[in-house]
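Colleague: Mind assembling these two chains? They're in different frames, but the hints should get you there.
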Amino acid sequence: MSSAAPNIASKPAQRSLVWRRIRRNPLSFGALCVIVLIILAAIFAPIVAPYDPDLPDAMTAFESVSWAHPLGTDMYGRDQLSRIIYAARVDLTVAFAATALAVAVGAVFGAMVGYAGGWVDNVAMRVVDAVMAFPAFVLAMGITAALGNSTVNVALAISITQVPAYLRLIRGEMLRIREMEYADAARTVGNPPWRIVFIHLLPNCLPPLIVQATLAMGFALLTMAALSFIGLGIKPPQAEWGVMTAEGAAQIVTGEWWLFLFPGLAIMITVLAFNLVGDGLRDFLDPRMRGIR
Amino acid sequence: MSDLLEVSDLTVHFQSDAGAIEAVDHINFTIRRGEVVGLVGESGSGKSVSSFAVLRLIRRPGEVKSGSIRFDGVDLATLTEEEMRRIRGAKISMISQSPRTALNPVIPVGKQISRLFQVHEGVSGRAAEKRMLEMLDLVRIPDPKRRAAQYAHQLSGGMCQRIMIAMALATSPQLLIADEPTTGLDVSIAARILDLLRELGSKTGAAILLITHDLGVVAEICDRVVVMHAGQVVESAPVRDIFRNPAHPYTRALVGSIPRVDRDVTMMPIPGSVPSLLNPPPGCRYASRCDHVTEECRITRPSLVLRATDHAVACHHAEDLQAKGVAA
Chain X
625 MSSAAPNIAS KPAQRSLVWR RIRRNPLSFG ALCVIVLIIL AAIFAPIVAP YDPDLPDAMT
685 AFESVSWAHP LGTDMYGRDQ LSRIIYAARV DLTVAFAATA LAVAVGAVFG AMVGYAGGWV
745 DNVAMRVVDA VMAFPAFVLA MGITAALGNS TVNVALAISI TQVPAYLRLI RGEMLRIREM
805 EYADAARTVG NPPWRIVFIH LLPNCLPPLI VQATLAMGFA LLTMAALSFI GLGIKPPQAE
865 WGVMTAEGAA QIVTGEWWLF LFPGLAIMIT VLAFNLVGDG LRDFLDPRMR GIR
Chain D
290 MSDLLEVSDL TVHFQSDAGA IEAVDHINFT IRRGEVVGLV GESGSGKSVS SFAVLRLIRR
350 PGEVKSGSIR FDGVDLATLT EEEMRRIRGA KISMISQSPR TALNPVIPVG KQISRLFQVH
410 EGVSGRAAEK RMLEMLDLVR IPDPKRRAAQ YAHQLSGGMC QRIMIAMALA TSPQLLIADE
470 PTTGLDVSIA ARILDLLREL GSKTGAAILL ITHDLGVVAE ICDRVVVMHA GQVVESAPVR
530 DIFRNPAHPY TRALVGSIPR VDRDVTMMPI PGSVPSLLNP PPGCRYASRC DHVTEECRIT
590 RPSLVLRATD HAVACHHAED LQAKGVAA
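As they're listed, the protein sequences go chains X and D.
Per this note's numbering, the very first residue in the first sequence carries number 625; after that it's consecutive.
Per this note's numbering, the very first residue in the second sequence carries number 290; after that it's consecutive.
Hints were generated in silico from the structure; no laboratory data involved.
Treat the numbers as computed from the prediction; the structure is a model and nothing was measured.
Backbone N, C-alpha and C fix where the C-beta goes; we use that ideal spot for every residue, glycine too.
One thing to keep in mind: the hints can contain errors.
Where chain X lies over chain D, by a calculated footprint (3+ residues, C-beta under 8 Å) [claimed, not checked]: (1) 322 to 333; (2) 387 to 395; (3) 506 to 515.
Simulated restraints, written as ranges between beta carbons of each label pair [said to hold, decoys possible]: (4) Pro816/X to Gln304/D: 26 to 32 Å; (5) Phe758/X to His502/D: 51 to 57 Å; (6) His502/D to Pro816/X: 47 to 53 Å; (7) Ile834/X to Glu423/D: 32 to 38 Å; (8) Asp753/X to Gly411/D: 40 to 46 Å; (9) Glu352/D to Gly855/X: 58 to 64 Å; (10) Ile667/X to Glu371/D: 46 to 52 Å; (11) Val476/D to Arg750/X: 39 to 45 Å; (12) Arg645/X to Gly505/D: 53 to 59 Å; (13) Glu352/D to Ser774/X: 49 to 55 Å.
For reference, chain D alone in the conformation it holds in the complex (with noise of 0.2 Å):
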């Protein structure tokens, strides 16, 4: 089966009074037709810049300075305005990161679906409303003919995330871009909502991009993981091999930073935060916080080599750090 998005080379700068920020540089993943892909990367890693250029959505100051998306063997960058918005939210569609504020304070929530239903597929009224509820339903919101007519400040988070989720899915699109879908939602709701995306996604056949911090959200529902730091792809692989094996020393480190109850291993932060992105070094951007930083990782850029079967990592010492176990 062909890959369903395959992002090459994409770079996107941000125009800043000091100059371009490279917010994301040249960065390179895939996602195949029904899989779950984690991207995953501190704040300012370039996470939701990237799935914002997927859509085509960078807007001023911020420019896509280079690279191909091609979704389903079509480069989107050759396609009219016009066409790229028939695939917004029809075959690509975003669950954005705080659904009470991604509602529209004065539209119905039922009502900001249902039109969904009549701007792609042209539907009457009547029939977008039935299968508006019939959406609502499907993410299990109780009693939908009365949560249809409230607006989003009448409803609880957890609940504003499903009927984001019931607005994306609506159109059956074949890629789900879901930029944190879980922050701000306690822990059980958290569960409930992620359980609901894995499920509604292996039942419509839809892809899903989900952008997270969290590793433990990886490890729960995702098939394949892209690591991104300052902007770059560091590593890219099976979800298992991302936490039994490790390659990139962040990769590892971000796995040491998970918290266990189950082992009495300390936690280790992270030191130091993400370089800036105006001007940053020219040799590897993960260098000022690494451990086994050498003079090559100061002078030239790592690229992305694939290691294995579709375990790629951008590290000079990635071997021998391999080789040396998750002791990190």
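With the rest of the complex left out, here is chain X (with noise of 0.2 Å):
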């Protein structure tokens, strides 16, 4: 390769390449819309929503769907499309900050677990191990009831449940890199421990990464609405997904059918849209695809 050679890896037409690999699948680029779409609305929560989510309104209580309320409205009289999009705020939130944490945690630990190898890494297996043995909604369930369910105890209580996951995930890529001649050439010109695990070996384990955490937001965001639905997740008086669902289950009976269908909606597609998503960064981050980036 000459200096005069052509540049093929030029920026135009790097991101043509990249465009190009994203139209090839319209099924995860749909479901990346989707899921901006929802992280606008939440963010511009105020300007998109008609309606005050928390003003009761005597006069509109059950309303159905019409041209004033899209959704309709719950038993208060409150606009149901402004909660759902004010719901959006918290539960993308919580979902988030519950698998940043996990990822974080879990790419540190599983890093210096699979890294050191030997007993260390015995130990801390059979720890995931034993955590992973409960199933992860029960766990989460007895972590909010022992530590109380606010907001940012439902957040911890997911992320504990996730951690083994990554942490088993990073240890698992780490076991296969440290053999990498690269972790070698690292080790031969004298880097200290902590930064060949952590600048030059755990970039290299990201892209699994990426996609394990974004199929986990999907679960993360399932978790929490499922934990809100039973009560020990947020609670009431404030808009989330999973409370308005089970508020809505409520009035299944006399009729009011919208009160559950569209809250359980958005939690579906919310949920799909982030699988799709991670399906596809799946095959994005594909390491036979790494040469062209």
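Modeller: Right, dumping it as structure tokens:
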């Protein structure tokens, strides 16, 4: 390769390549658009939402779908659409915070454990096995029941149930990557172990981590909604999808179908979108495609 | 001048389920300051293991069983891990077998070099980058600024090897271990890399330990040669003696197996392969492949004996063989 050779990795060419590969997977791309829309709606909730989500209005209680209230109103006459939009703020924030915390803790400890190997690895993996032996949801329930169900505790509970998965994932990657030649090379030039682990090797473990984290976002959201549904998550006056579904479920028998259907749909669409994006990312970050990037 | 590196009686074992594998068995060699020494032998003869042992980077299941390695007068075994870490990359550096996989795929190559300055010399990021670009210039990488920002997979094999050399020489080491630096490169690139190594070696005064199985490479740039077979040093001599006056049957066979186009001689491959290092035979490890084998060879192990100035051989019959010439 001489310096006169055309630069095959020029910026515009790279961009069109990425674009082409995104278009190859329209489903995931659509899902990504949905997520972006939901995030935007959550951020600009005060502008997007037609009503105040927490303002009761006795005159409009239990109104069905109409032009004034596209998704109907609840028993206090609060606008369902506005509540769903505001609820996205809580749902996304908690799911994201829980996932981020779990990823950070899992990646740091997983990397150290995987690199150290030996008995350290053995002990850590048995602990992970022990935590994973509990059904994740039951564990999360137990934690919020014990600590009290504040928003922070809900995030914490979800994140604790997820840490073992990341720890195991990164530990496995690290076991493979520490045997790579560039790991040897990093050792031969006298890097201290922490630099080798966190600066040289951990970045090489990221692709599967990103995929796992995206898929887990959907799972975190679902866990949170489920916790709220049974009353161990976010507490009722707060607009939250799980809470709203629970409130709506009580009204099924009296025929107010919109009260549980729309929050339920919001959960379903968001979780599905995260899963589709995670799936698309898996294809996108496939190691065999790394050369093109 | 005292010796820069003095390896004496070094033994490295690898534990396997079937028992200990004696990958390196009581080897001795020295490297003087500024000297280019070739470490030659077949695959599996313990060349790379020896070099890793010098850096004290033998990891489980490997283990250094005995011997000492003195570098610049200091016994490396007595250093703490922290002191050893400061020697690696700063005083002894290494060029690995496959440059492309030895470069980290997610860090731009330039950054991998400039970080060395930061780690070993504690200089600022900007100063490190400036020196990194100087290094790239030194190993003749065209358009260093652009190359520095690229990743290993965007560079050719020769280019990656230049990056590795730049990295190895960045901190002006006293000893450079080059582990088969030209495998996987085509002949013309390989020749240029060797020239570059030799030139930069004499410019910076670094001694080079060149690990290779290619005697052509040895003839080109080495001052002295250490021949290894099955984890043992069988002969060490100045490069001229190795080619003109080889004493050990294995060295003779190696020299005889060089393809020649200038003379009408048949290339002689060496029969057999390196014996299993799991419970190796008690006598000479080359006995099973040797044409000149006698009963003595199978029973007692020949030790490395100085035959002439700087010329040591481990063979019971070296004297007789040398008298007969290179006709192997």
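Colleague: If a hint holds in the structure, say so; if it doesn't, say that too.
Modeller: Now for the hints, and whether the structure bears them out:
A count of 0 residues in the region 322 to 333 of chain D with a Cβ less than 8 Å from any Cβ of chain X is obtained; the coverage claim is therefore unmet, three being the minimum. Proximity of the region 387 to 395 of chain D to chain X, defined as three or more residues with a beta carbon under 8 Å from a beta carbon of that chain, is established by the 7 residues found. Given as covered by chain X, the region 506 to 515 of chain D fails the check, having 0 residues with a CB less than 8 Å from a CB of that chain where 3 are the minimum. Checked against the hint of 26 to 32 Å, the C-beta distance between proline 816/X and glutamine 304/D comes to roughly 27 Å, which is consistent with it.
For the pair phenylalanine 758/X and histidine 502/D, the supplied restraint of 51 to 57 Å holds, since their beta-carbon distance comes to about 56 Å. At roughly 34 Å, the beta carbons of histidine 502/D and proline 816/X sit outside the given window of 47 to 53 Å. Checked against the hint of 32 to 38 Å, the pair isoleucine 834/X and glutamate 423/D passes, with Cβ atoms roughly 37 Å apart. A hinted range of 40 to 46 Å holds for the C-beta pair aspartate 753/X and glycine 411/D, which are about 43 Å apart.
Taken as a hint, the range 58 to 64 Å holds for the pair glutamate 352/D and glycine 855/X, whose Cβ atoms sit roughly 59 Å apart. About 49 Å separates the C-beta atoms of isoleucine 667/X and glutamate 371/D, a value consistent with the hinted range of 46 to 52 Å. For valine 476/D and arginine 750/X, the hinted distance range of 39 to 45 Å is not satisfied, since their beta carbons lie about 54 Å from each other. Taken as a hint, the range 53 to 59 Å is violated for the pair arginine 645/X and glycine 505/D, whose Cβ atoms sit roughly 46 Å apart.
Restraint check, glutamate 352/D to serine 774/X: a C-beta distance of roughly 54 Å satisfies the suggested window 49 to 55 Å.
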